[in-house]
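These protein sequences, in sequence, are chains W and A.
Add 79 to a position in the first sequence, counting from 1, and you land on the number used in my numbering.
Add 425 to a position in the second sequence, counting from 1, and you land on the number used in my numbering.
Worth flagging that the hints you see were computed from the coordinates, not collected in a lab.
Don't be surprised by glycine CBs; every beta carbon is placed ideally from N, CA and C.
Among the hints, erroneous ones may be present.
Computed cross-link-like contacts, EDC-like style, restricted to lysine to aspartate or glutamate with a CA-CA straight-line distance of at most 16 Å [stated by the list, open to error]:
hint : chain 1 : residue 1 : chain 2 : residue 2
1    : A       : Lys-894   : A       : Glu-910
2    : A       : Lys-992   : W       : Asp-124
3    : W       : Lys-184   : W       : Asp-124
4    : W       : Lys-89    : W       : Glu-233
5    : W       : Lys-268   : W       : Glu-92
6    : A       : Lys-958   : W       : Glu-233
7    : A       : Lys-533   : A       : Glu-700
8    : A       : Lys-739   : W       : Asp-124
9    : A       : Lys-609   : A       : Asp-882
Part of the chain A face toward chain W, derived, beta carbon under 7 Å [to be verified]:
hint : residue
10   : Lys-777
11   : Gly-779
12   : Phe-857
13   : Ser-936
14   : Gly-966
15   : Leu-968
16   : Ala-987
17   : Arg-990
18   : Arg-991
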Amino acid sequence: MTMHKILVFKRFERLWHWSQMALVFTLLFTGFAVHGTHSLISFGDAVTVHTWAAIVLLVIWAFAIFWLFTTGQWRHYLPTTEHFITVARFYAFGIFKGEHHPYRKTYRRKHNPLQALTYLMVKIAIFPAIWISGIAYLLISFGQGELFEWIGIESIALIHTIAALAILLFVIAHVYLLTTGHSFIDHVKPMITGYDDVELSDEELAYLKADEPGVIKEGD
Amino acid sequence: MINHYPPASRRRMYRFNYISLSFSILILTLGWATTTLASSDPKIEMGISEYTKTDERHAIIKPKKESTATTDHTKLKELQGPFFSGPEVTKACLECHNTAGHQFMKNKHWTWDYKHPKTGQHLGKSVLINNFCTNARGNEGMCAQCHAGYNMDSPDFDFTNQENMDCLVCHESTGTYYKTPTSKGNKACSVMFEGKPAIDWAAVAKSVEMPTRNNCGKCHFYGGGGDNVKHGDLSSVLFDPPKEVDVHMSEAGEGFTCVTCHVGEGHEWAGSRYEMLVNDETGTGKPGMPRETASCESCHSASPHPITSVQGIKLNSHTQTVACETCHIPAIARGGVATEVDWDWRTMGKLKDGEGFKLKEYTQGDGHHRATYKSIKGTFTYAEDLEPMYAWFDGTMNYTTIATKFDPSKGPIDINSFSGSHDDPGSRIYPFKRMHTTQPYDKGNNTLPYMHLWGNDDSALWGNYDFGKAIEAGMKKNGIPYSGEWGFIETYSYWPINHMVAPKDEALSCSSCHSHDGRLDHLEGFYMPGRGKNEILDLIGLLAVLGTLGGVLGHGALRMIATRRRKV
């Protein structure tokens with residue numbers, strides 16, 4: 080097992096991540112304006128921006144889901160118990176004692192088990208809650224209200240707002256956790272350049288060198 | 426926004442000026458009549474001069490467009506006269522238009538009578554009590570100036586005599602036609618109609634055409650006893666409004682007359698405040714189809730906003746819950762003519778040297794002074810550019826009639842009330858003008874009374890200034906039991922707002938309602954974003970965000986402390 084700089088975040092993934100970030104911030108800002116939390120933007124503009132940003136994000140998600148399943152990348156998000164306790168213990172105690180993060184990225188698992196489980200929950204619970212309720216809300220706006228009469232716009236809005244709150248909490252924790260490594264920059268950089276230190280087995284190294292030479296950073 | 430009439434302070438000030446001024450000039454001129462001095466004050470006007478303005482303002486004549494009619498009435502030999510009275514002209518009209526009389530006999534402008542198809546209530550001007558001058562019944566001598574007939578001076582008018590129909594009031598186009606009270610009022614009042622030029626009957630008869638806004642406006646713009654007093658959205662401004670006030674009626678806009686929207690056939694036309702259509706889902710008809718409604722949707726459809734933007738699409742879905750008028754008529758009484766919002770009958774009857782007077786202490790946008798006090802009516806409060814009251818409305822009005830008993834301890838009585846709710850798909854959020862009045866009621870029977878206002882006798886309110894006598898006489902002549910005891914009660918009436926549609930860029934913005942303390946903040950029981958109404962959710966959300974922030978900050982702080990300790 081040796082450490083190598085590997086392209087862990089492909090170009091599409093990085094584009095997805097950062098456009099999603101920008102859109103999520105836009106949606107949080109305009110969404111809470113529509114909710115009535117602040118009035119830094121007029122209600123009408125907030126509705127317009129929120130709607131368009133949501134539509135763009137839905138398209139990106141459609142591509143992302145397609146990408147995850149066709150490339151097999153979805154396996155990174157499978158829940159696992161391996162190292163779970165170790166990582167949890169690190170955040171609860173070890174981090175205060177100056178211990179190093181116990182998790183090493185591998186070619187098959189680029190996220191630590193806590194991270195993977197969190198992302199999985201975001202993907203299968205929070206995001207569906209926000210887009211299903213959001214699409215329902217949009218359809219009501221487009222005059223298809225009778226489809227959702229059984230639940231009503233008030234419940235739909237409630238689900239949408241609760242999901243939005245969950246995303247906000249995720250964003251806070253997500254940004255904070257970027258500070259828990261060597262440095263904030265160290266954690267952000269892989270999502271910009273795509274490359275991060277990954278532990279490779281000899282077989283993986285041989286395979287990548289032979290079949291996907293672009294994945295290993297040159298000079299490594 | 427509401428210009429509250431300052432009764433105590435300003436009236437006291439006025440009295441002081443009046444007395445001191447009178448006193449000094451009295452000495453100088455050795456006994457000039459104080460009434461002479463009083464009338465030199467522009468704010469005070471002796472006597473009673475109701476309805477003088479209506480004739481001046483409705484005479485605005487605009488250059489006529491070439492008529493598309495196939496008959497030039499000026500050339501008809503039947504209309505060359507001479508005529509000596511209105512009924513003679515009507516007779517000439519009916520000779521050719523021989524079904525018009527039959528048609529008009531069913532019209533509210535003639536019958537003053539309406540049987541509500543849903544509530545079954547017997548309504549109409551002939552029976553209703555309002556919270557302005559209160560009742561036309563029994564006061565036809567004065568009020569029937571706005572009856573589309575001749576010589577209605579009591580409820581016993583002959584409604585079957587077609588020759589008593591007044592064709593001219595709606596169809597003449599010279600602007601010189603006028604009507605005077607049909608019976609002699611008290612001498613205090615009757616003077617105001619003296620000195621008018623005689624009507625040239627042949628000239629007005631030859632001028633007939635489709636009704637213009639002058640014809641409709643001279644009654645409807647002056648409802649309640651003066652310019653825009655009653656409705657708030659129907660004022661003399663509409664004779665020639667700028668586009669900002671009314672996009673439809675402005676010459677710079679569409680140049681509509683009243684009957685462009687209030688269409689009809691056979692002397693029946695669209696539009697009713699007793700049974701309104703608030704959810705016209707039919708919208709525009711097929712080409713050539715007659716429109717039978719006067720709603721916005723009749724022309725604009727229920728999806729009038731361009732679907733090229735998110736807001737346009739979103740606004741189109743609003744038409745299922747919000748009336749067009751709610752956003753597109755941002756304020757009541759626009760264009761410089763004020764409307765009355767409060768009428769206090771309690772102060773009625775103050776006199777100067779035994780004579781009635783008016784105090785004109787409100788100057789409205791167009792510079793005219795409006796009476797804040799009239800001896801015959803009491804104290805008035807005006808408002809301009811007033812934010813409407815908004816409520817769910819299903820179109821059906823219920824009235825407190827002469828027969829309705831109420832509980833005076835339950836606060837202000839609704840002269841008309843309405844229902845409607847978010848859960849009723851036929852209801853819309855609608856704008857209203859709310860009129861507040863303090864008026865007399867029958868204290869023993871807990872009903873509103875008929876008052877005898879007009880008459881040349883010693884019980885007519887206007888001239889004798891005695892509520893007790895006026896109520897007793899008003900009830901007696903209509904055969905309604907009266908307890909003999911009267912008091913004052915507060916009332917509200919609600920006037921749906923439909924006119925004076927502003928240009929689209931002056932319509933309300935989303936945040937006029939979708940905000941904290943917005944215009945619809947008081948409407949409960951349904952979800953509306955932007956109001957910040959879900960306080961529990963907001964509290965949970967705030968706690969969750971603060972909790973998470975606290976969690977990560979605490980975690981971060983512990984890390985920093987731990988790092989420092991290790992370094993030490």
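Comparing the hints with the structure gives:
Of the pairs offered as hints, the one joining Lys-894(A) and Glu-910(A) holds, with about 11 Å between alpha carbons and a cut-off of 16 Å not exceeded. Of the supplied pair hints, the one linking Lys-992(A) and Asp-124(W) is violated, its CA atoms being roughly 52 Å apart against a limit of 16 Å. Restraint check: the Cα-Cα separation between Lys-184(W) and Asp-124(W) comes to about 43 Å, which exceeds 16 Å; the hinted pair is violated. A distance of roughly 40 Å separates the Cα atoms of Lys-89(W) and Glu-233(W); the hinted pair therefore is violated under the 16 Å criterion.
At roughly 14 Å between alpha-carbon atoms, Lys-268(W) and Glu-92(W) fall within 16 Å of each other, so this suggested pair holds. Simply put, Lys-958(A) and Glu-233(W) have alpha-carbon atoms about 11 Å apart, close enough for the 16 Å limit, and the pair holds. Between Lys-533(A) and Glu-700(A) the CA atoms are separated by roughly 13 Å; this keeps the pair inside 16 Å, and the hint holds. With a C-alpha separation of about 12 Å, the suggested pairing of Lys-739(A) with Asp-124(W) holds against the 16 Å cut-off.
A threshold of 16 Å between alpha carbons decides the hint, and for Lys-609(A) with Asp-882(A) the separation of about 10 Å falls inside it, so the pair holds. The interface hint given for Lys-777(A) is violated, since its Cβ lies 54 Å from the closest Cβ of chain W, which is over the 7 Å cut-off. Given hint, Gly-779(A) at the interface with chain W, is violated; its Cβ is 60 Å from that chain's nearest Cβ, farther than 7 Å. Interface restraint check for Phe-857(A): the shortest CB-CB distance to chain W comes to about 24 Å, outside 7 Å, so the restraint is violated.
Interface restraint check: Ser-936(A) against chain W, minimum CB-CB distance 4 Å, threshold 7 Å, status holds. Contact between Gly-966(A) and chain W, as hinted, is supported at the beta carbon level, the nearest pair being about 5 Å apart and thus within 7 Å. Hint status for Leu-968(A) relative to chain W: violated, with the closest Cβ pair at about 10 Å, above 7 Å. Interface hint status for Ala-987(A): upheld, as the beta-carbon distance to the closest one in chain W is roughly 4 Å, under 7 Å.
For Arg-990(A), the suggested interface contact is broken, since its CB lies about 9 Å from the closest CB of chain W, more than 7 Å. Taking 7 Å as the C-beta contact cut-off toward chain W, the hint placing Arg-991(A) at the interface holds, the least distance being around 5 Å.
Of the numbered hints listed earlier, those contradicted by the structure are 2, 3, 4, 10, 11, 12, 15, 17.
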